[in-house]
Amino acid sequence: EAQVTQNPRYLITVTGKKLTVTCSQNMNHEYMSWYRQDPGLGLRQIYYSMNVEVTDKGDVPEGYKVSRKEKRNFPLILESPSPNQTSLYFCASTPYARRGGGYGYTFGSGTRLTVV
Amino acid sequence: QKEVEQNSGPLSVPEGAIASLNCTYSDRGSQSFFWYRQYSGKSPELIMFIYSNGDKEDGRFTAQLNKASQYVSLLIRDSQPSDSATYLCAARSGSARQLTFGSGTQLTVLP
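From first to last, the protein sequence lines are chains Z and V. Each residue of the first sequence is one higher than the one before, counting from 1 in the working numbering. Each residue of the second sequence is one higher than the one before, counting from 1 in the working numbering.
No lab work stands behind these hints, which were simulated from the structure alone. Some hints here could point you the wrong way.
Stated by the list, open to error - Chain Z regions said to be covered by chain V (calculated; three or more residues, Cβ under 8 angstroms):
id : stretch
1  : 41-54
2  : 75-82
Claimed, not checked - Selected chain V positions facing chain Z (Cβ under 8 angstroms, derived; list incomplete):
id : residue
3  : Phe34
4  : Pro44
5  : Phe49
6  : Leu88
7  : Leu99
Unchecked claim - Beta-carbon label-pair distances, calculated as ranges:
id : chain 1 : residue 1 : chain 2 : residue 2 : range
8  : Z       : Thr15     : V       : Ser52     : 46 to 54 angstroms
9  : Z       : Arg44     : V       : Lys42     : 25 to 33 angstroms
10 : Z       : Tyr10     : V       : Arg77     : 32 to 40 angstroms
11 : Z       : Lys65     : V       : Arg60     : 41 to 49 angstroms
12 : V       : Gly59     : Z       : Leu88     : 26 to 34 angstroms
13 : Z       : Met27     : V       : Asp58     : 31 to 39 angstroms
14 : Z       : Leu88     : V       : Thr108    : 16 to 24 angstroms
Note that beta-carbon positions come from the ideal geometry of N, C-alpha and C, so glycine has one too.
The shape of chain V in the complex, shown without the other chains (with noise of 0.2 angstroms):
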């Protein structure tokens, strides 16, 4: 059973702090990393994607990955109010059809 595992949270940090979410997987064959944003009542969308170990950095969000330790991970640099929502983790093996995902880290940034 290929599982991905996320923090339930809520995680609550004052706005301009760096909000620091994890995740971690369980199959080895895993090979590209999402994570998504899900408003509440809306729908998942895609904030980036990692397949390879280190860190990828787009605007104030910093992917990192370390295969070894099967620990994926998001941070959101300058948190804003905005940034309050629901992150999901996803892991995808050979197919695009084999996309896990863990169960959401909730995500509460305070003015």
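Same shape as in the complex, but just chain Z (with noise of 0.2 angstroms):
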């Protein structure tokens, strides 16, 4: 079954312990991405990755890290955690889009982070 999967669907942490989430896709997409979801405020990127080594600042990276090392894999690094991450993330990958192509984005099932 073509999906995403992401680990751990939730998750308690204290202030401060590093975390990582992690995301894999079986479709051999070229694009990953992480968002964060919070009320009022929608889908936010984090971080995307257009391929293998390659990848860039959303919209809202701070505190956030990243790694592409294999195409199938994107996870999510929080060195500290603060309390303001707290929020419901999402991976989601993507074929290479070409222009007015109209390929969206599949998201796996989502990471309950909550930081105390």
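Need the complex rebuilt from these two chains, each delivered in its own frame; the hints are there to steer you.
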């Protein structure tokens, strides 16, 4: 089954304790992204990757790191989590977008993170 | 700052009625537009995309695009209670990276 797999689904952690949220896709997609979703603010892009070893900042990258060592994996790293990073996180992937192409993102199931 | 605006709702319609969801975007360079449905606590799922002016129909769903007015809409005919969800509008500019989402419209279909 074609899918984007995130782990864990739920995570409660303490301020300052490094954590990693994993993301893996089995569709051979070039593009992968991380979004956070907060009430009233919608989905905001944190980081994206166009291919292996190619990553760039989205709209809200502060406090996050990513890496893309393999095409299928795109982990999100919080080096020193803070309470304002409490949110619902989604990983998403899409194939290369031809001009005018209609490829939307396929989303993972989400990770609900609470930082206390 | 590229923006996608949606009425946050909530929007309520009776079962069997037409639900109309609207979206405007600020970036004239936007090329493709997407409608996602998101049930509470779940991930967004793609319903439709459109990139040409006019209407695009898929079953009970019709997407409409007017680039001159920078306006996108989604019509849901014969609305069902199972359509109750938050609907997200998204616009994509030159690269797949620049997919900007609106904050969503919450739709409730009343039995």
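Hint by hint, here is what the structure shows:
With a cut-off of 8 angstroms between beta carbons, the stretch 41-54 of chain Z has 7 residues touching chain V; three or more are needed, and the interface restraint holds. Three residues within the 8 angstroms Cβ limit are the bar, and the stretch 75-82 of chain Z against chain V gives 0, so the coverage statement is violated. With its C-beta approaching chain Z no nearer than about 5 angstroms, Phe34(V) sits inside the 8 angstroms limit, and its interface hint holds. Using the Cβ-Cβ criterion of 8 angstroms, the hint placing Pro44(V) at the interface with chain Z is satisfied: the shortest such distance is roughly 5 angstroms.
Restraint check, Phe49(V) versus chain Z: the minimum CB separation of about 4 angstroms is within 8 angstroms; hint holds. Contact between Leu88(V) and chain Z, as hinted, is supported at the beta carbon level, the nearest pair being about 7 angstroms apart and thus within 8 angstroms. For Leu99(V), the interface hint holds, since its Cβ comes within 8 angstroms of a Cβ in chain Z; the closest pair sits about 6 angstroms apart. Judged by the Cβ atoms, the range 46 to 54 angstroms given for Thr15(Z) and Ser52(V) holds: they are separated by roughly 49 angstroms.
Arg44(Z) and Lys42(V) have their C-beta atoms about 18 angstroms apart, which leaves the hinted 25 to 33 angstroms range violated. A hinted range of 32 to 40 angstroms holds for the C-beta pair Tyr10(Z) and Arg77(V), which are about 37 angstroms apart. Range check, Lys65(Z) to Arg60(V): about 43 angstroms between beta-carbon atoms, so the 41 to 49 angstroms window is met. Between Gly59(V) and Leu88(Z), the C-beta spacing of about 29 angstroms keeps the proposed range 26 to 34 angstroms intact.
For Met27(Z) and Asp58(V), the Cβ-Cβ distance of about 22 angstroms falls outside the hinted range of 31 to 39 angstroms, so the restraint is violated. The given range of 16 to 24 angstroms is respected by Leu88(Z) and Thr108(V), whose C-beta atoms sit roughly 21 angstroms from each other.
Checked against the numbered hints listed earlier, the structure breaks hints 2, 9, 13; every other hint is satisfied.
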